[in-house]
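J.: Order-wise, the sequence lines are chains B and D.
This note's numbering applies: residue 1 is where the first sequence begins, and numbers increase by one.
This note's numbering applies: residue 1001 is where the second sequence begins, and numbers increase by one.
Take these hints with a grain of salt, some might be off.
[Said to hold, decoys possible] Derived CB-CB ranges, DEER-like: (1) B:Thr107 - D:Phe1004: 19 to 25 Å; (2) B:Pro19 - D:Leu1070: 24 to 30 Å; (3) B:Lys103 - D:Leu1070: 19 to 25 Å; (4) B:Pro20 - D:Gly1005: 17 to 23 Å; (5) B:Phe184 - D:Ile1040: 36 to 42 Å; (6) B:Lys123 - D:Thr1041: 38 to 44 Å; (7) D:Glu1139 - B:Ser138: 34 to 40 Å; (8) B:Lys103 - D:Phe1037: 41 to 47 Å; (9) D:Phe1100 - B:Lys103: 57 to 63 Å; (10) B:Ala96 - D:Val1087: 23 to 29 Å; (11) B:Arg125 - D:Phe1037: 26 to 32 Å; (12) B:Glu179 - D:Lys1091: 52 to 58 Å.
[Said to hold, decoys possible] Mimicking DSBU-like on lysine-lysine, the simulated pairs with C-alpha atoms at most 35 Å apart in a straight line are: (13) B:Lys176 - D:Lys1044; (14) B:Lys61 - D:Lys1043; (15) D:Lys1011 - B:Lys123; (16) D:Lys1141 - B:Lys103; (17) B:Lys18 - D:Lys1081; (18) B:Lys65 - D:Lys1094; (19) D:Lys1044 - B:Lys61; (20) D:Lys1047 - B:Lys183; (21) B:Lys61 - D:Lys1141; (22) B:Lys65 - D:Lys1095; (23) B:Lys61 - D:Lys1143; (24) B:Lys65 - D:Lys1043; (25) D:Lys1095 - B:Lys61; (26) D:Lys1050 - B:Lys65; (27) B:Lys28 - D:Lys1094; (28) D:Lys1141 - B:Lys140; (29) D:Lys1095 - B:Lys123; (30) B:Lys183 - D:Lys1094; (31) D:Lys1047 - B:Lys176; (32) B:Lys25 - D:Lys1043; (33) D:Lys1047 - D:Lys1141; (34) D:Lys1043 - B:Lys183; (35) B:Lys140 - D:Lys1050; (36) D:Lys1095 - B:Lys176; (37) B:Lys116 - D:Lys1143; (38) B:Lys65 - D:Lys1011; (39) B:Lys25 - D:Lys1044; (40) B:Lys116 - D:Lys1051.
In case anyone wonders, no lab produced these hints; they're calculated from the structure.
For glycine and all other residues, C-beta sits at the position ideal for the given N, C-alpha and C.
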Amino acid sequence: MITRVESNNNKINFCALKPPALGNKVQKMLTRAENFSSVQQRLAIGGTALLIQPVIDLNNKEVDKDTRWVSAIRSGAKAIVGTATGILVRGACMKATELKLAKRDATGKIIKEAGKTVVDPNKIRKILGNSFDSLNLSPKELSDALNRVPSVIGTIVALGAMIITNFALDAPLTNKSAEFVEKFANEHNKKPGGVQNG
Amino acid sequence: MANFGQRMIAKFANDNANFLFITAAIGWFLASTAQTFGIITNKKIDKEDKKFLIPQEIFDGAVNIGLYALITTPLINGTEKLINNDVITFKNVKKGSIEFDRLRGGAKVLASLVGAVVSCNVLTPLVRNKLGSIAQRKELKQKVQMQQPSYDPFYQPFFQKNGLKEPMKMHDYIAFTKQRGMKI
């Protein structure tokens, strides 16, 4: 519910349309979202791309039916392959960085808190120097930021790796899967320009 | 003293929404380049389909990043402003507290995700399909123009059928002028 707020001088301030305060459930979701990594981001965008993009391509009246079909299949294949390889590469790079920066005990075993790997601030300081000092963060904010460092470094490394994997994996896999789906659809007379129309 | 790269990593670790925004844009650029390369080198895709798919892929990348920036940036900034100006508030959380900063950060990340889904999964396919089909049409038009035989006054006078590769004879010309009622 949107409530209208009146200012002190009894004039209605139309800019001050104030929605109700967000409750615990939304707050929980936002707290979780704050620590979203690029893996979760890729998954959310890729998943919705798979649902929406082929439908848009199939309804593209600007091109003939055959092109429409090829385009829709490619969009679907691209969403699946792109999301899968994107998650795989990002996930692997982030995990590797996390293991590298993890806090370890005297025996070399990784220390975990509540099932999560704890990062070693000394290792991060070794890599990043005093770069956090200028940000003037509170101890809690600093702890949050330090925990996100493996995700940041892992994502940057993954972007570098993706220059290779995009060409070596994404593009050929998209082509192969699109060919496969198109062939399958043709065999079952589902392609609009196929046997049904021919 | 920390160098530029170190400072950027620290800044990104503290501002997750902006970090995800920038890395997504770079990721799309790389992916689009690779996909275009994949279509160009794929011999199994029909030439006519390629004429649509190659520009579609290039437009996809360009439009994707452009629209993403155009929609997501104001969404992230707008969300932050709404929270800072107390339009969006949180129950039992004081402004300025660490919890408040966390929730604001989370809201910015969600705003960037919404912006990405709307711009890249809805608007980009619509715009790129339109632009791709314009490019395809232009390509086909050029092809048709190239296929049309050029005018040759000796072998192919304008009143002869295309493809007739015989030198014009006098009786053809007279027959033509009579047929159309042309006076010499």
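J.: Against this structure, judge whether each hint is valid.
T.: Tested hints:
1. A beta carbon spacing of about 38 Å between threonine 107 of chain B and phenylalanine 1004 of chain D contradicts the range 19 to 25 Å that was offered as a hint.
2. Here the CB-CB span from proline 19 of chain B to leucine 1070 of chain D is close to 25 Å, well matched to the stated 24 to 30 Å.
3. Look at lysine 103 of chain B against leucine 1070 of chain D: about 42 Å separates their beta carbons, and that is not inside 19 to 25 Å.
4. The hinted range of 17 to 23 Å is not satisfied by proline 20 of chain B and glycine 1005 of chain D, whose Cβ atoms lie roughly 43 Å apart.
5. A beta carbon spacing of about 25 Å between phenylalanine 184 of chain B and isoleucine 1040 of chain D contradicts the range 36 to 42 Å that was offered as a hint.
6. Take lysine 123 of chain B and threonine 1041 of chain D: their Cβ atoms lie about 42 Å apart, and the range 38 to 44 Å holds.
7. Between glutamate 1139 of chain D and serine 138 of chain B the beta carbon distance is about 59 Å. The supplied range of 34 to 40 Å is therefore violated.
8. With their beta carbons about 42 Å apart, lysine 103 of chain B and phenylalanine 1037 of chain D fall inside the hinted range of 41 to 47 Å.
9. In this structure, phenylalanine 1100 of chain D and lysine 103 of chain B break the distance hint of 57 to 63 Å, their C-beta atoms being roughly 29 Å apart.
10. Between alanine 96 of chain B and valine 1087 of chain D the beta carbons are some 42 Å apart, a value that contradicts the proposed interval 23 to 29 Å.
11. Between arginine 125 of chain B and phenylalanine 1037 of chain D the Cβ separation comes to about 41 Å, which falls outside the hinted range of 26 to 32 Å.
12. Here the CB-CB span from glutamate 179 of chain B to lysine 1091 of chain D is close to 53 Å, well matched to the stated 52 to 58 Å.
13. A distance of roughly 10 Å separates the Cα atoms of lysine 176 of chain B and lysine 1044 of chain D; the hinted pair therefore holds under the 35 Å criterion.
14. Restraint check: the Cα-Cα separation between lysine 61 of chain B and lysine 1043 of chain D comes to about 26 Å, which is no more than 35 Å; the hinted pair holds.
15. With a C-alpha separation of about 17 Å, the suggested pair lysine 1011 of chain D and lysine 123 of chain B falls inside the 35 Å cut-off, and the hint holds.
16. Distance restraint check for lysine 1141 of chain D and lysine 103 of chain B: the Cα-Cα separation of roughly 65 Å exceeds the 35 Å cut-off, and the hinted pair is therefore not satisfied.
17. Between lysine 18 of chain B and lysine 1081 of chain D the CA atoms are separated by roughly 13 Å; this keeps the pair inside 35 Å, and the hint holds.
18. Proximity of lysine 65 of chain B to lysine 1094 of chain D is assessed by CA-CA distance (about 57 Å); at most 35 Å being required, the pair is judged violated.
19. Note on lysine 1044 of chain D and lysine 61 of chain B: the hinted pairing holds, with a Cα-Cα distance of about 24 Å set against a maximum of 35 Å.
20. Under the criterion of a C-alpha separation no larger than 35 Å, the hint pairing lysine 1047 of chain D with lysine 183 of chain B is consistent with the structure, at around 18 Å.
21. Taken as a hint, the lysine 61 of chain B and lysine 1141 of chain D pair is honoured in the structure, with Cα atoms around 19 Å apart against an allowance of 35 Å.
22. Restraint check for lysine 65 of chain B and lysine 1095 of chain D: the C-alpha separation of about 56 Å exceeds 35 Å, so the hint is violated.
23. Only pairs whose Cα atoms come within 35 Å are accepted, and lysine 61 of chain B paired with lysine 1143 of chain D is accepted, the gap being roughly 22 Å.
24. The suggested pairing of lysine 65 of chain B with lysine 1043 of chain D holds, with an alpha-carbon distance near 21 Å, which does not exceed 35 Å.
25. Restraint check: the Cα-Cα separation between lysine 1095 of chain D and lysine 61 of chain B comes to about 51 Å, which exceeds 35 Å; the hinted pair is violated.
26. Straight-line distance between C-alpha atoms of lysine 1050 of chain D and lysine 65 of chain B comes to about 15 Å, which keeps the hinted pair within the 35 Å bound.
27. Proposed proximity of lysine 28 of chain B and lysine 1094 of chain D is supported: the alpha carbons are some 16 Å apart, at most 35 Å.
28. Restraint check for lysine 1141 of chain D and lysine 140 of chain B: the C-alpha separation of about 63 Å exceeds 35 Å, so the hint is violated.
29. Annotation: proposed proximity of lysine 1095 of chain D to lysine 123 of chain B holds, straight-line Cα distance about 33 Å (limit 35 Å).
30. Straight-line distance between C-alpha atoms of lysine 183 of chain B and lysine 1094 of chain D comes to about 59 Å, which puts the hinted pair past the 35 Å bound.
31. For the proposed pair lysine 1047 of chain D and lysine 176 of chain B, the alpha carbon gap of about 17 Å is at most 35 Å, so the pair holds.
32. About 52 Å separates the Cα atoms of lysine 25 of chain B and lysine 1043 of chain D, which puts this hinted pair outside 35 Å; it is violated.
33. At roughly 15 Å between alpha-carbon atoms, lysine 1047 of chain D and lysine 1141 of chain D fall within 35 Å of each other, so this suggested pair holds.
34. Annotation: proposed proximity of lysine 1043 of chain D to lysine 183 of chain B holds, straight-line Cα distance about 16 Å (limit 35 Å).
35. For the proposed pair lysine 140 of chain B and lysine 1050 of chain D, the alpha carbon gap of about 54 Å is over 35 Å, so the pair is violated.
36. With a C-alpha separation of about 53 Å, the suggested pair lysine 1095 of chain D and lysine 176 of chain B falls outside the 35 Å cut-off, and the hint is violated.
37. For the hint linking lysine 116 of chain B to lysine 1143 of chain D, the alpha-carbon distance of about 61 Å lies beyond 35 Å, and the restraint is violated.
38. A C-alpha spacing of about 49 Å is found between lysine 65 of chain B and lysine 1011 of chain D, which places the hinted pair above 35 Å, so the restraint is violated.
39. Taken as a hint, the lysine 25 of chain B and lysine 1044 of chain D pair is broken in the structure, with Cα atoms around 51 Å apart against an allowance of 35 Å.
40. A threshold of 35 Å between alpha carbons decides the hint, and for lysine 116 of chain B with lysine 1051 of chain D the separation of about 50 Å lies outside it, so the pair is violated.
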